[in-house]
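Residue numbers 1 to 195, in UniProt numbering, belong to the letters of the sequence shown in order.
Worth flagging that the hints you see were computed from the coordinates, not collected in a lab.
Small disclaimer: the values here were computed from a predicted structure and weren't measured.
There may be inaccurate statements among the hints.
Taking CB as the label site, the calculated pair distances span [claimed, not checked]:
| id | residue 1 | residue 2 | range |
| --- | --- | --- | --- |
| 1 | Asn95 | Ser115 | 23 to 29 Å |
| 2 | His162 | Ser35 | 38 to 44 Å |
| 3 | Arg89 | Asp57 | 31 to 37 Å |
| 4 | Asp50 | Trp98 | 38 to 44 Å |
| 5 | Asp37 | Gly156 | 22 to 28 Å |
| 6 | Tyr153 | Ser181 | 20 to 26 Å |
With a straight-line cut-off of 30 Å between C-alpha atoms, the simulated BS3-like cross-links for lysine-lysine are [said to hold, decoys possible]:
| id | residue 1 | residue 2 |
| --- | --- | --- |
| 7 | Lys45 | Lys11 |
| 8 | Lys61 | Lys71 |
| 9 | Lys45 | Lys71 |
| 10 | Lys71 | Lys136 |
| 11 | Lys180 | Lys169 |
| 12 | Lys138 | Lys169 |
| 13 | Lys44 | Lys71 |
| 14 | Lys168 | Lys138 |
| 15 | Lys180 | Lys154 |
| 16 | Lys42 | Lys71 |
| 17 | Lys42 | Lys53 |
| 18 | Lys179 | Lys154 |
| 19 | Lys154 | Lys77 |
| 20 | Lys77 | Lys61 |
| 21 | Lys71 | Lys11 |
| 22 | Lys136 | Lys180 |
| 23 | Lys138 | Lys77 |
| 24 | Lys138 | Lys154 |
| 25 | Lys11 | Lys154 |
Note that the Cβ used here is the ideal one computed from N, Cα and C, for glycine as well.
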Amino acid sequence: MTLEIPQLHIKNMVCPRCVMVVRQAFEQIGVEPLSVDLGEVKLKKELSGDELKQLDDLLAKNGFERIDDRKVQLLEKIKTLVIDTIHHRDPYDTNIQWSAYLSDQLHYDYNYLSSLFSGMAGITLEQYIIRQKMEKVKEFLFYDELSVKEIAYKMGFSSVAHLSNQFKKIIGLSPTEFKKSIQHTQSRKSLDQII
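Whole structure, please, built from the sequences with the hints as guidance.
Structure below.
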């Protein structure tokens, strides 16, 4: 007989700093978690009602939220996996097959994941992935360390033209126009706000 490890799912955890902030929230209520990962916290024991209330208050102050609904948890896992893969893995796997990758990581059929995502997020999973990629492209352009050709290759686009078309469609400017734009410093978005 195996004991199930209590877990909490946390919305809006998209980066290593988020993990640190959530870990600190647990420390503030006197609870030491077994592990804190993007979107998920494993605990030694279930939290009391009072501990959950304190935790919810601390999380809310930092822009996080505890999730109870299973479909919402799965939606957040999808988002977290896409964000982590695109924004925090170096080098980015340019040959990634998203359908197989997400199915393998989350242990659900891709059609189910895609349908759930579309129904709950209001855009398709493919559109979400493209939007996250475009945000990463904006970051590369902002820091001006790579050419557009290098960015296209690094992000898995078949050509500069393919990247440029997608970028213009989502952002409204070509990568070159964006680079020249004075407003580019104000056009980056928080990763958890991209939909």
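Hints, verified against the model:
Roughly 25 Å separates the CB atoms of Asn95 and Ser115, a value that falls within the hinted 23 to 29 Å. Between His162 and Ser35 the beta carbon distance is about 39 Å. The supplied range of 38 to 44 Å therefore holds. For Arg89 and Asp57, the hinted distance range of 31 to 37 Å is satisfied, since their beta carbons lie about 33 Å from each other. One distance hint, 38 to 44 Å for the beta-carbon pair Asp50 and Trp98, holds here, with the actual separation near 42 Å.
Distance hint for Asp37 and Gly156: a CB-CB separation of about 25 Å, consistent with the stated range 22 to 28 Å. Against the hinted window of 20 to 26 Å, the Cβ-Cβ separation of Tyr153 and Ser181 comes to about 23 Å, which satisfies the hint. For the suggested pair Lys45 and Lys11, the alpha carbons sit about 21 Å apart, so the restraint of at most 30 Å is met. The hinted pair formed by Lys61 and Lys71 meets the criterion: a straight-line CA distance of about 24 Å does not exceed 30 Å.
With a C-alpha separation of about 24 Å, the suggested pairing of Lys45 with Lys71 holds against the 30 Å cut-off. At most 30 Å may separate the alpha-carbon atoms for a hinted pair to count; Lys71 and Lys136 meet this at roughly 27 Å. A threshold of 30 Å between alpha carbons decides the hint, and for Lys180 with Lys169 the separation of about 18 Å falls inside it, so the pair holds. Between Lys138 and Lys169 the alpha-carbon distance is near 14 Å, which keeps this suggested pair within the 30 Å criterion.
Between Lys44 and Lys71 the CA atoms are separated by roughly 24 Å; this keeps the pair inside 30 Å, and the hint holds. A distance of roughly 12 Å separates the Cα atoms of Lys168 and Lys138; the hinted pair therefore holds under the 30 Å criterion. A hinted pair counts as satisfied when its Cα atoms are at most 30 Å apart, and Lys180 with Lys154 qualifies at roughly 21 Å. Straight-line distance between C-alpha atoms of Lys42 and Lys71 comes to about 19 Å, which keeps the hinted pair within the 30 Å bound.
Restraint check for Lys42 and Lys53: satisfied, since their Cα atoms lie roughly 18 Å apart, inside the 30 Å limit. Our distance criterion of 30 Å between C-alpha atoms is met by Lys179 and Lys154, whose separation comes to about 18 Å. A distance of roughly 24 Å separates the Cα atoms of Lys154 and Lys77; the hinted pair therefore holds under the 30 Å criterion. For the proposed pair Lys77 and Lys61, the alpha carbon gap of about 22 Å is at most 30 Å, so the pair holds.
Restraint check for Lys71 and Lys11: the C-alpha separation of about 12 Å stays at or below 30 Å, so the hint holds. Of the pairs offered as hints, the one joining Lys136 and Lys180 holds, with about 17 Å between alpha carbons and a cut-off of 30 Å not exceeded. Proposed proximity of Lys138 and Lys77 is supported: the alpha carbons are some 24 Å apart, at most 30 Å. Distance check on the hinted pair: Lys138 and Lys154 sit about 13 Å apart at the alpha-carbon level, within 30 Å; holds.
As the CA atoms of Lys11 and Lys154 are separated by approximately 29 Å, the hinted pair is consistent with the 30 Å bound.
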